[in-house]
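Now for the letters of each chain:
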Amino acid sequence: MPDDDSRNDDLRQWLHRGDPASGDTNLTLEETRLMRQRILATVRETRRPRFVALAALAGAAALAAVLLLRPAPVTMDSSTTVRPSVAERSERTARQVQFTTESGTRIVWTLDPEFEL
Amino acid sequence: MIRKVPLIFIVLLIASSAAVFADSSESYMFQTVLLVGSTDGESDLSGVPANVVKALDDVTKFLPYKSCRLIDASLLRSNGEAQGLLKGPDGKDFELMFEFRGDQSGTLQVRGFRIDTLIAQPQDRTITENGKTKVEHEPPRWVRRQVIATSFSVKVGETIVVGTSKLNGTGEALIVLFTAMR
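First to last, the sequence lines map onto chains U and S. Sequential numbering from 1 applies to the first sequence in my numbering. Sequential numbering from 1 applies to the second sequence in my numbering.
The set of hints was computed from the structure by calculation and includes no laboratory data. The reader is advised that the hints may include incorrect statements.
[Unchecked claim] Listed below are several chain U residues computed to face chain S (Cβ distance under 8 Å; list not exhaustive):
no., residue
1, THR42
2, SER103
3, ARG106
Heads up, the beta-carbon is just placed ideally off N, CA and C, and yes, glycines get one too.
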């Protein structure tokens, strides 16, 4: 019965024998350097489009966020004025009419019983 | 080709966002001329622009007001909301405010067109102590009175007449000639 150590040694030998990179590559140092450069260049080229796509996606997301979260225009009521104010006149009493003169001038007229200059 | 796709996407993105912002930020000039119309007297229209004089001719033919006098005028440039001060009759402050939205045909939808007058109400108090009377001066209370409030559409280059008066058309009327320009 082989013990555990000898079984591990056998396994190591089989793995070394089956390793395609274990033998002599017959490459000079210069060839190895060139191969490494080519591999790195290829990696960089494959990464660039992904980076640009991610940047474009981030830009689109930021633009969408700006458009969606843009503050709504402030409605103009008495609270937006600088000076304190109180609305005095009731609008229910006023009546509005619109008409157009013969020459095409449009008139928007408010008839207000409480009007005073 | 695959490399160009993100570039095209970015160009389209920039173009579309530029179009969105350009549309929302287009500004217009607004001329507002404030007049008081009266059923009697003679018109004093010195200094009134020609486009306004033509519109006033139409108004005086149509309405019972036979004479007009210029009170104040203003030019405002805005891309959506505008607010300005006009000098009203008797030196009162008139606050003009409106917001608008333009469409492709050159028509502007003017909403919340308002003219309010701001009246200062004195808040001074008279106090009597030990037989002596003294006046305590307090800052005035500003009271806002709405003079005109309406909404309408106006084409670029058009002068629209906005006015208000009592029901029976007697006495005086406040007439605003509002012109939208590029």
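Against the structure, the hints:
Proximity of THR42 of chain U to chain S is violated relative to the hint, the smallest CB-CB distance being about 14 Å (cut-off 8 Å). For SER103 of chain U, the suggested interface contact is upheld, since its CB lies about 5 Å from the closest CB of chain S, less than 8 Å. Hint status for ARG106 of chain U: holds, given a least beta-carbon distance of 5 Å to chain S, under 8 Å.
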